[in-house]
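Engineer: The listed protein sequences derive, respectively, from chains A and B. For reference, each letter of the first sequence is one residue, going 2 to 199 in this note's numbering. For reference, each letter of the second sequence is one residue, going 2 to 199 in this note's numbering.
No lab work stands behind these hints: they were computed from the structure. Misleading hints may appear alongside valid ones.
Which copy is meant is left open, because identical chains are indistinguishable; a pair holds if it fits in one copy or across any two.
Stated by the list, open to error - In silico lysine-lysine, DSS-like type, Cα no more than 25 Å apart, as pairs:
no.	residue 1	residue 2
1	K130	K58
2	K57	K34
3	K34	K66
4	K66	K104
5	K104	K168
There are 2 protein chains.
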Amino acid sequence: MAINYPNGKKFVPPKEKPVKAKKKDFSFSNRGKTLEDELNETNDYYLQLGLAVIHKKPVPVQIVKVEYPSRSAAVIREAYFRAPSTTDYNGVWNGRYVDFEAKETENKTSFPLKNIHDHQIHHMSQVVKHQGLAFLIIRFSSLERYFIMRFEALEIFWNRMITGGRKSISLEEIEDTAVEIMPGAFPRIDYLPVLQNL
Amino acid sequence: MAINYPNGKKFVPPKEKPVKAKKKDFSFSNRGKTLEDELNETNDYYLQLGLAVIHKKPVPVQIVKVEYPSRSAAVIREAYFRAPSTTDYNGVWNGRYVDFEAKETENKTSFPLKNIHDHQIHHMSQVVKHQGLAFLIIRFSSLERYFIMRFEALEIFWNRMITGGRKSISLEEIEDTAVEIMPGAFPRIDYLPVLQNL
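Whenever a hint applies, use it, and build me the whole structure from the sequences.
Structural biologist: Dropping the structure here:
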């Protein structure tokens, strides 16, 4: 199934973003980074220190046409974004299987559930059945606040929605049911210690 | 890093292969399937029966140019294959983290180690350190024989190569150090029972 890019935003190739003139603001040197950047840095840090082996999965694309110019790398000339069938991140920590999705919102008072796909919910529920750890990392970008919500809590809000309830999780509900992570320098989003208590 | 397609073969988009007139040969109805097809079917079977949650990762591509035709799906117009930084398959089974690479060879007497990347070896060694299960599935396509070799055995042959020894694993060595899987109908490559003993 070819789709528009899943999050509804235009795709910006990682590491290939046009260089923008940035305001210098050394006290917030991580501003401008996406949650994906922050988690990739965090996972690299964990990997370097031998704490966990967790990677982001590649963006799923349906490749239709490839050219093979002589003496150079193959070029994909036609491809389409596909809906992911799983979450974006998984790996192993401490003998446990770890699986999560990461989403950011500009919203200041709630997290809209339209950011999550139902097949991702289905996937996470299967992970939990097999004794894996499944959770959601939420970043409120405007507030610079980060939360880790285990799947079992997310599922309750998801079920409320599909049975006709509200289509988002209020910040208050998140404060009550998720664990807040204070962003740091190294690693940026230190989520492993939270898993100890999940 | 843009590269030619990692296995050195031209890329054939999955599910989009040109339909070839096939010889009807009902006694070997799985002939013509790639190992990837067979493993995807196997993993689907495991998923449907609730036995394991194991998926193939998408092919990693570096996306450079995307067009947004109005009213239709975004089209990737320039992208390059990247070298994978991990193995192709991972997931959870029985509370354990499972991670493997799958390779097929037309060779009848040995498995050439050039099919494996050194960063995949590095990745599998990290997985094992974190108490995950890491292994290689080898298909000898001409012989219709399948083996599952745990990483610990693969590593010995890999180290032999990088210290100047032979660049392949002989079929005899594979018979001695790996477990043979007899291909079946449902599932095609039933590798989970082998993991019990790894």
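Engineer: Now tell me, hint by hint, if it's right for this structure.
Structural biologist: How the hints compare with the structure:
1. K130 / K58: both (22 Å within a copy, 21 Å between copies)
2. K57 / K34: within (16 Å within a copy, 29 Å between copies)
3. K34 / K66: between (32 Å within a copy, 21 Å between copies)
4. K66 / K104: For K66 and K104, the Cα distance is within 25 Å only across copies (24 Å; inside one copy 31 Å).
5. K104 / K168: within (15 Å within a copy, 44 Å between copies)
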